[in-house]
Each structure stands twice: as C-alpha cells, then as structure tokens.
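Engineer: Construct the entire structure; sequences and hints are all you get.
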Amino acid sequence: MKRARERAARQPRFEAGRFLRRALLWLLPVAGVWLLVTPFYNRFLIAGVENLLRMSERPSVSRLSVEGTHHTIATRTDLDRPAGKVRVSDIHFPLLMLAAFFLAVPGVALQERFAKLGWALLASVFFHLLSLFFWVKFLYATQQGAWSAANFSPLAQNFWGLGKHLLDLPFKFAWPLVLWVAFFPHLLLPQGNPED
Amino acid sequence: MSKARKKPASASASPRHRRGPSARVWHVYRQEILFLGIFLLILGGGFTLLSVNAVNDQVVEPFTAAVAKVSGTVLDLIGQDVSMQGTLIRNTHFAVNIRNGCNGVETMIIFLAAVLAFPAPWRARLAGIAIGMVAIQLVNLVRVVALFLTGVYFPAFFDSSHTVVWQTLVILFGVVLWIFWANRFAAPRTAPAATPR
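Chains as they are written, first to last, in this note's numbering: chain A, 1 to 196; chain B, 1 to 197.
Hints are computed from structural coordinates only; laboratory data are not their basis. Hints may be right or wrong, so weigh each one.
Chain B stretches covered by chain A per the calculated footprint, using a threshold of three residues with CB under 8 Å from any CB of chain A [stated by the list, open to error]:
1) 23 to 32
2) 36 to 45
3) 98 to 109
4) 165 to 179
Derived list of chain A stretches under chain B, where covered just means 3 residues or more per stretch with a C-beta under 8 Å from a C-beta of chain B [claimed, not checked]:
5) 15 to 26
6) 44 to 54
7) 87 to 96
Going by beta-carbon spacing under 10 Å, a handful of chain A positions derived as facing chain B [unchecked claim]:
8) Leu110
9) Gly161
10) Val178
Ideal placement from N, C-alpha and C gives every residue a C-beta, glycine not left out.
Structural biologist: Dropping the structure here:
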C-alpha cells in the first residue's frame, strides 16, 4: 500500500515531454502569425502610446512616428532633435512563447486553450502599452543630456529608468510564464489546500 | 480559473464556503497566489539589485567578461581565430560585444525566482538551482557562438536572430527546465487514493 502510494507520488503530474514537443511544434505557426500581425500591431501600440503620452502632457508635445516595420521614432516639439528610436517588435516578441505555451498544454481541450490564450493576449496588450510608454519616458528622462537633467528630477529619472529596466527585461521575459501559471494553475502546483 | 479547481455545487453549503469572495479566492488559489507573489518579488528584487552600479561593476561585468572569454575560447577551437578584449569578441570579419541581456543572467534570475517560489523541499531547490544555472549557461554559450557565426556568415540575419530567435530560445529553455524540475523532482504530490497499479 505504502509502496503504491510512493510510486503514485513519484509519477509526474504533467506530461512535460509532450508539452515541450507540442510547444516547439506550435512555435512555427505562431511565429508565422506573429510575423504577419507585427506591422499592424506595432502601429496600434505606437498610436496608443502616443495618445497616452499626449494625455499625460501639458501642453501635448510628443509625437511617435512609425519607421519601417519594427521601429518608432519619438520626437517632441520642444526638442530640436528626435528623442530616440525604439524597436517596438522587441517589446512583444515574447508573445511567441506565450502562445506556444498556452496552445501546447496537453490534456486541455483546444477550445479552452484558445479561450485562455485570448484572455492572456488581451492582458498582454496592456502590458505592451505600458512597456512602450516607459521606454519613451525613459528616453525623455535619461537620454537627452542637459535637457533631461533640467526637466526631470533625479527621483523621476530613476523611476523611469528602473521602470523601463524592469519592464524591458525581467517582466517581459517572465510574462509568458506568469500568465501560463495563472491560467493553468493545476498543472504544476500541488493541488488542494493543506487545510483541506 | 480552471475546471479542475471548481468545487461541486453541494460544497457551497459547508461553512468554509460561507466566507467572503476574497477569502474564498485566497482559500482556493492560495498556492498560486503565493507562487506568483514570491516569484515576482524575487524577480523584481533581483533585477533591481542588478541595476545598482556597484553590483553591475563588481559582479555582472566580470561575469560577462568570463562568458565572453569562454565563448571566445570555443570560437577559437572551431577555427574562428578571434581576439578578446573584456566583453568584446572579434575576428577579421565580425565583432560582438557581450552585454547585459546576452550573458544569460536574466534567464538565470527568472529560473532562480521560479525555483525559490515553488513549494518544494530545500534540497530539491538547491539541486535545481545548481543544475539549472549550469544548463542555462551552456545554452547561452551555444547562443553566443551561434550568433557570432551568424554575424560572420549570414550578417543579414544577425539582428532578428539576436533578439527574437535566440532570446526566445534561451528563455524558453529556462522555463521548460523549470517545468521539468517542478514536475519531476520538486513538490511532493497529492497521491491519489492508493490503488496499486
């Protein structure tokens, strides 16, 4: 009896090997869709963040223009040169991993996987808007030399700098994992509550 | 959130389910909330620490230089005849500068945070961290070498390969490694009623 329980306890809850194979297979169609959608999604993000920036300014001086497929150039009417260039596609390429992870989960109906992916993508849109907003504010606060120092306090410079750093590296890369655990909590974490 | 966690309708009559909505969410999803909270806390803390100049200069830069040195040695072994200067690797055709984001530290911290946040015995955590760090650095080594070769032989693909392809693959590797660890070695499972197989 005890041995059987131990053996059952040693058995993996989740077919990780199957999950990995499926994730790698899903990466190809997901990458295809991402490449097709990226030019339109970049324009949407650029327009959305330009509106957010202008709403946060008095007077509204920011202008984000599209450059090519992947970039945006931030300009301000009170600056005589562009504030900087951001590669917008770099903000949202972890969507590849997110979609592959959500669609590869074994033992869950495809419809449910797509439904959860839809909610996760919606949450990701807000995350991407916030990331690009911080990127542009970071350019204003820290990359304009004397102008930055004159218009942003050291506290504000650190706030936008650290915020951009955290959103651009750890949270961007951890975002797919966070959403995956949040939407499929029963896959890896021990089920039930110790009090149960 | 998932079908597996839904309680049967009859359970709503028990005293436990007469709690307020937030208490009920906490009761049902405590493990998940704790995991995500601790994970994000360690992640944010770790990366804030990395952004401190002293930590960057005393820890990250020497570590990145070591990554560059090992990568340069491997590139030399496969006949690329490179020279190294700090975090810079170059030959007559191409040069790369290994910077933050290219040294595998981000993936290591994400992996570390996920391992520490997961409910597991400390022994399993320490073993996971030790093996995971080495494995992530090995994959990152492959990445740096592959990127250098891409820069030499297929320079047009370097940018997309650098950001989209290899960053995705390295992070994917870290996450999958954590999933394997969590699934196979970490938490004691809630064994089903002992039915011998």
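Engineer: Against this structure, judge whether each hint is valid.
Structural biologist: How the hints compare with the structure:
1. 23 to 32: As far as the region 23 to 32 of chain B goes, the hint holds, because 6 residues have Cβ atoms under 8 Å from chain A.
2. 36 to 45: Contact hint for the region 36 to 45 of chain B vs chain A: holds, 5 residues under 8 Å.
3. 98 to 109: holds (count 5)
4. 165 to 179: With 8 residues closer than 8 Å to chain A, the region 165 to 179 of chain B meets the three-residue bar; holds.
5. 15 to 26: Result for this restraint: holds, n = 4.
6. 44 to 54: violated (count 0)
7. 87 to 96: n = 6 at 8 Å, threshold three: holds.
8. Leu110: Violated, because the Cβ-Cβ distance from Leu110 (chain A) to chain B comes to roughly 14 Å (cut-off 10 Å).
9. Gly161: Hint on Gly161 (chain A): holds, closest Cβ of chain B at ~8 Å, below 10 Å.
10. Val178: holds (6 Å)
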